[in-house]
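Chemist: Protein sequences, first through last, are from chains A and B.
Be aware that the first sequence starts at 699, since it is given in the working numbering, and climbs by one per residue.
Be aware that the second sequence starts at 699, since it is given in the working numbering, and climbs by one per residue.
Some hints here could point you the wrong way.
Same chains, same names: a pair is fine if it fits in one copy or spans any two.
Each computed DSSO-like pair below joins lysine-lysine, with the alpha-carbon atoms no more than 27 Å apart [claimed, not checked]: (1) 986 x 771; (2) 802 x 866; (3) 993 x 771; (4) 1062 x 704; (5) 940 x 1050.
Note that these hints are calculated values from the structure, not bench results.
If you're wondering where the values come from, they're calculated on a predicted model, not measured in any experiment.
Next come the chains, spelled out residue by residue.
2 protein chains.
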Amino acid sequence: MFIINKSCCSTSARVGELQTAHGTIKTPAFMPIGTYAAIKTLSTDEIKNLNYNLVLSNTYHLYLRPGTEILEKFNGLHNFMNWDGAILTDSGGYQIYSLSEFRKIDENGVEFRSHLDGSKHYFTPERIVEIQRSIGSDIMMVLDVCPPANASKEEHIKAVQTTTEWAKRCLSYLETKGPKYNFDQIISPIIQGGTSEKLRKMSAEQLIDLDAKMYAIGGLAVGEPKEDMLSVVNYLDGIMPKNKPRYLMGVGTPEDLINCISMGVDMFDCVIPTRNARNGQLFTSNGKINIRNAKFRADDSPIDSNNDNIISQNYTKAYLHHLFRTEEILGYRIATQHNLSFYNNLVTNAAKAIQKNNFLSWSKTFLNNYNN
Amino acid sequence: MFIINKSCCSTSARVGELQTAHGTIKTPAFMPIGTYAAIKTLSTDEIKNLNYNLVLSNTYHLYLRPGTEILEKFNGLHNFMNWDGAILTDSGGYQIYSLSEFRKIDENGVEFRSHLDGSKHYFTPERIVEIQRSIGSDIMMVLDVCPPANASKEEHIKAVQTTTEWAKRCLSYLETKGPKYNFDQIISPIIQGGTSEKLRKMSAEQLIDLDAKMYAIGGLAVGEPKEDMLSVVNYLDGIMPKNKPRYLMGVGTPEDLINCISMGVDMFDCVIPTRNARNGQLFTSNGKINIRNAKFRADDSPIDSNNDNIISQNYTKAYLHHLFRTEEILGYRIATQHNLSFYNNLVTNAAKAIQKNNFLSWSKTFLNNYNN
Chain A
699 MFIINKSCCS TSARVGELQT AHGTIKTPAF MPIGTYAAIK TLSTDEIKNL
749 NYNLVLSNTY HLYLRPGTEI LEKFNGLHNF MNWDGAILTD SGGYQIYSLS
799 EFRKIDENGV EFRSHLDGSK HYFTPERIVE IQRSIGSDIM MVLDVCPPAN
849 ASKEEHIKAV QTTTEWAKRC LSYLETKGPK YNFDQIISPI IQGGTSEKLR
899 KMSAEQLIDL DAKMYAIGGL AVGEPKEDML SVVNYLDGIM PKNKPRYLMG
949 VGTPEDLINC ISMGVDMFDC VIPTRNARNG QLFTSNGKIN IRNAKFRADD
999 SPIDSNNDNI ISQNYTKAYL HHLFRTEEIL GYRIATQHNL SFYNNLVTNA
1049 AKAIQKNNFL SWSKTFLNNY NN
Chain B
699 MFIINKSCCS TSARVGELQT AHGTIKTPAF MPIGTYAAIK TLSTDEIKNL
749 NYNLVLSNTY HLYLRPGTEI LEKFNGLHNF MNWDGAILTD SGGYQIYSLS
799 EFRKIDENGV EFRSHLDGSK HYFTPERIVE IQRSIGSDIM MVLDVCPPAN
849 ASKEEHIKAV QTTTEWAKRC LSYLETKGPK YNFDQIISPI IQGGTSEKLR
899 KMSAEQLIDL DAKMYAIGGL AVGEPKEDML SVVNYLDGIM PKNKPRYLMG
949 VGTPEDLINC ISMGVDMFDC VIPTRNARNG QLFTSNGKIN IRNAKFRADD
999 SPIDSNNDNI ISQNYTKAYL HHLFRTEEIL GYRIATQHNL SFYNNLVTNA
1049 AKAIQKNNFL SWSKTFLNNY NN
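Based on the provided sequences and hints, a complete structural model is requested.
Modeler: Listed below in structure tokens is the structure:
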């Protein structure tokens, strides 16, 4: 199901292929985020043309809107949103922590109020799998407990313990029920433990015992210092199984991706390229720019002459500046497409460099230009 | 420059071709509105794929943003917005009336304050042509005086007189200066006169004397009763030259288009298909629907099975309902594309019916289904 085609000669980076029910995902891979069954501003055709074939959506949000009844009527999210690529769904643990003002965790699950209308809901590990069966996710995530960076040690210990118990129940439930539609669905546990090596080790080892098909690192990019994040990923590189895909949740910047690829991470998701695009921030080979800046008012150069995406070549900085100034939706679309092409180029070029045994020098050159 | 290929056997409807510097426009034609150098939510590729090759933009708005200096740097709006079809620009007379809280008309032009920052500006007829030369409009409109429907008779008389004087100055200025770039630019006078047949006749006759290449009907759809609008168009059908394109400004609904095509109108523009799309209103062969309505929540039928546009066929009502409910920009895009395809189908099918000598029965069937 996961094949490593090439390992880097000098880092833990690797190039692989993950088979899913909706196509083969080349790793390292970045997943664009389609929280509400749509990648913000874009159509699924555009996502395909940007060479993405795995997108992330969110169980918590889809459960609230459109709801599982609708998704089941369509035989799952793929048909509903007109997308024939693969889908990974985040379980909602993080959303329940970050969006809900009220949540109560007991051994059996978590009670929370919807951030939309305050209505009460209760998720058990089994219920979360059931919802993801209705969604038809190619890759499900277990229900986890995801404390903020500044949570107490006791909270982190409890989070690890509960996350392990719930992971067991999720895997066992999916094992019993099988997939809902006529294609495979796999499920990934999530390693918690904050920034403590001891807790991360405990969490990882307990979950590795479950012999899942892939593993995720959760509970990072939740407010901890960047060096702590990198330190945890580096530490886990020595513990997580080498022969299974590793997914680092919610990370990150272009620098983060390169650093974490070198530490053996295979999959990423992050709102940065899409959310920042809608604020006018563009990622280019020479670093970030904000297209709202007045200096671009008359700049007739392409958005990024080093990006061979047609969007980045065909539109000028002056026109995109104008679209942002007049708040035209087309501007948000162009910026989003450009940023997602930058991110896809980044992971694709990293893979090429690993294949050619020059990942370190490639990444050095990339970062020199980018931070110039 | 304008050829009538077929005239209806029983109404004043006709099928024609208008040559412009950026392609041949088949009439009757509907123009999507791109006020700020973009058709709201859509790319120019999408406009092209919807079979439009003439769009409307606005002199007043483009003058304020991005400004003529930028447009000149790009050798005009076509390059700036990446559009190789034709462009008609409204002159701004209507915008100065409707957006500016302050404006002062004298014999020489109009002083107004920007609706954006309150800054003072002064447009003369010559200046308006000069701005449209910088824009590189294929079809310019003269600076006119466009009073609201409830203006006094004196205001309407004055508006007609001033509009005629300014039209003369606009045409003469363009005649002297010629086009700015290496392609032809033509200019259309605008018939005013409110709902008075006497004033409309006076305005039309004075402007016809100028022997312009096309003529527009302005000052309608500004608050007058629908039957007055139709009555003015019908009246002018008997006065306006048959061998020149006739453009009815700011109109209208699908019914308006059919009625006015039957009275010899060749060109239309209106915000209805695009603006209403963003509010969830969709035009279908069976009438208007609002996709926000809860009854579409689980409706897995295509947006409009009678519209062969791929957008209308590929997306379901339930998914579009969901996108509106979650305020996803993709929803506004899909609705806009659908509505513009409906409008283009409408004028294209009207043309086919005229060609086949069955315009009246076609329009009766269309309206029966539409109003069902």
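Chemist: Each hint should be assessed against the structure and marked as holding or not.
Modeler: Against the structure, the hints:
Only between protomers do residue 986 and residue 771 lie at most 27 Å apart by alpha-carbon distance; the minimum there is 25 Å, versus 43 Å within a single protomer. In the homo-oligomer, the alpha carbons of residue 802 and residue 866 lie at most 27 Å apart inside one protomer (21 Å), although the nearest pairing across protomers, at 76 Å, exceeds that limit. Taking identical chains as interchangeable, the C-alpha atoms of residue 993 and residue 771 lie at most 27 Å apart only when they sit on different chains, with a minimum of 15 Å there against 51 Å within one chain. Taking identical chains as interchangeable, the C-alpha atoms of residue 1062 and residue 704 lie at most 27 Å apart only when both belong to the same chain, with a minimum of 20 Å there against 68 Å between chains.
In this assembly of identical chains, the alpha carbons of residue 940 and residue 1050 lie at most 27 Å apart only when taken from the same copy (20 Å versus 66 Å across copies).
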